[in-house]
Amino acid sequence: MKYVIFGFSCVVLFFVFVFASSYYKGQQAEKFGFMAKENASIFVRDHSPTLGNDDAKVYLIEFMDPACETCAAFDPIVKLMMQSNPGKIKLVLRYAPFHEGADTFVKILEAAKKQGKYWETLDVMYKSQQYWASHGNPQPQRIWEFLPRAGLDIEKIKKDMNDPAIAKIIEQDMADAKTLNVRKTPGYFVNGKPLQTFGYRQLQQLVQSEITANYPN
Amino acid sequence: MRQLDQTYNTNWTILFLCWFLAALSTAGSLFFSHVMEFAPCILCWYQRICLFPLVLILAAGLFPLDKSVVKYSLPLAVVGWLTALYHTLLYSGIIPESIQPCSQGISCTEEYIDLFGFVTIPMLSLLSFSTIIALLTILNRRMSK
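Top to bottom, those sequences are chains X and A. Going by the numbering used here, the first residue of the first sequence is number 43, and it counts up by one from there. Going by the numbering used here, the first residue of the second sequence is number 6, and it counts up by one from there.
In case anyone wonders, no lab produced these hints; they're calculated from the structure. Just to be clear, a hint being listed does not mean it is correct.
In silico negatives: residues of chain X with every beta carbon more than 12 Å from chain A [unchecked claim]:
no., residue
1, Lys44
2, Ser51
3, Val86
4, Lys159
5, Leu194
6, Glu197
7, Ala207
8, Gln250
9, Ile253
In silico EDC-like pairs for lysine to aspartate or glutamate, Cα to Cα no more than 20 Å straight-line [to be verified]:
no., chain 1, residue 1, chain 2, residue 2
10, X, Lys156, X, Asp202
11, X, Lys155, X, Glu213
12, X, Lys159, X, Glu197
13, A, Lys150, A, Glu42
14, X, Lys198, X, Glu162
15, X, Lys220, X, Asp202
16, X, Lys235, A, Glu42
17, X, Lys44, A, Asp71
18, X, Lys67, A, Asp10
19, X, Lys121, X, Glu162
20, X, Lys155, X, Asp145
21, X, Lys159, X, Glu187
22, X, Lys220, A, Glu42
23, X, Lys44, A, Asp10
24, X, Lys67, X, Asp96
25, X, Lys155, X, Asp96
26, X, Lys226, A, Asp10
27, X, Lys198, X, Glu111
28, X, Lys73, A, Glu42
29, X, Lys159, X, Asp145
30, X, Lys121, X, Asp97
Stretch by stretch, here's where chain X covers chain A in the computed footprint (C-beta under 8 Å, at least three residues) [said to hold, decoys possible]:
no., stretch
31, 27-35
32, 58-68
Note that CB positions come from ideal geometry on N, CA and C, so glycine has one too.
Turn these sequences into a full structure, and let the hints steer you where they fit.
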């Protein structure tokens, strides 16, 4: 009898937890869906760098940090999804530089944008990340060794990156990240819908469901 | 004999409630960190270190009811309670924030939930540890008779 009471309690606790989780996630999804309709600018600001067709109906919003390994790991997956669905996906990058000192890297990126080398620079950053952003031994100054590979005018970068307008952009993105409850990177939203459980497959599924919904043929 | 059986059952129920409370608190704590994605601060972690093992120790003491379970679980509960008390005082501003021990990243005083206008996470923890200690103390009295 006592074993039954105990076992039953365990099962009840487990199911309450699972039920509460799915209820909470559902509520969050509803809330963000509403925000996406009412206040689209929380997701996409005028300053936000975008990649892909302007007429795309699927907006993939990624809150990222150039020093985040998972962001680097997801980059090829995202690019692949865009390639296999040409013209349907528009990638919007938002900054959430949670790693210590990561806003410096964001500033470099924004300065590279002025030279028209934004995506090239990001690519170089992701590929060389292990050398300057390793968790055990971060050596942020080493990033400068790799930047010339993107074909950048380094002197100009050093001058442009201190533009107060860039600091404002980071501030705005961090504020939006807070509003949208992004606490980890990468944080994904597809047409305003948050990625509920994290993973490659889950992101692909979410994107695919939005593609199917927006391109019925 | 009947009397003895009844005492045994009551003691078992008290310990069971104690375990249930610890398990419920653990589930709640995991809900906050994994579902709502609140990052636990240092003080939260100290309380979790005391709380999570209680679920296993108390469960082990239930089958069969072990008199020494109080001896092993009370120290954890007391340390958890003290940390929760400190955390609650810090949270409510009675202890100034300047002496808080947590560093970069997650603040121990950032308010995440505010149920009914006054219930906070450290307060839930304090309440849970207090009840567990009370139940264990009652059990101890009853069993040492």
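Hints, verified against the model:
| no. | hint | in the structure |
| --- | --- | --- |
| 1 | Lys44 | violated, 6 Å |
| 2 | Ser51 | violated, 6 Å |
| 3 | Val86 | holds, 23 Å |
| 4 | Lys159 | holds, 32 Å |
| 5 | Leu194 | holds, 31 Å |
| 6 | Glu197 | holds, 32 Å |
| 7 | Ala207 | holds, 27 Å |
| 8 | Gln250 | holds, 24 Å |
| 9 | Ile253 | holds, 27 Å |
| 10 | X:Lys156 - X:Asp202 | holds, 8 Å |
| 11 | X:Lys155 - X:Glu213 | holds, 18 Å |
| 12 | X:Lys159 - X:Glu197 | holds, 15 Å |
| 13 | A:Lys150 - A:Glu42 | violated, 46 Å |
| 14 | X:Lys198 - X:Glu162 | holds, 16 Å |
| 15 | X:Lys220 - X:Asp202 | violated, 27 Å |
| 16 | X:Lys235 - A:Glu42 | holds, 17 Å |
| 17 | X:Lys44 - A:Asp71 | holds, 14 Å |
| 18 | X:Lys67 - A:Asp10 | violated, 46 Å |
| 19 | X:Lys121 - X:Glu162 | holds, 13 Å |
| 20 | X:Lys155 - X:Asp145 | holds, 15 Å |
| 21 | X:Lys159 - X:Glu187 | holds, 17 Å |
| 22 | X:Lys220 - A:Glu42 | holds, 12 Å |
| 23 | X:Lys44 - A:Asp10 | holds, 13 Å |
| 24 | X:Lys67 - X:Asp96 | violated, 30 Å |
| 25 | X:Lys155 - X:Asp96 | holds, 18 Å |
| 26 | X:Lys226 - A:Asp10 | violated, 54 Å |
| 27 | X:Lys198 - X:Glu111 | violated, 27 Å |
| 28 | X:Lys73 - A:Glu42 | holds, 16 Å |
| 29 | X:Lys159 - X:Asp145 | holds, 18 Å |
| 30 | X:Lys121 - X:Asp97 | holds, 17 Å |
| 31 | 27-35 | holds (count 4) |
| 32 | 58-68 | holds (count 3) |
Consistency note: the structure conflicts with the earlier hints numbered 1, 2, 13, 15, 18, 24, 26, 27.
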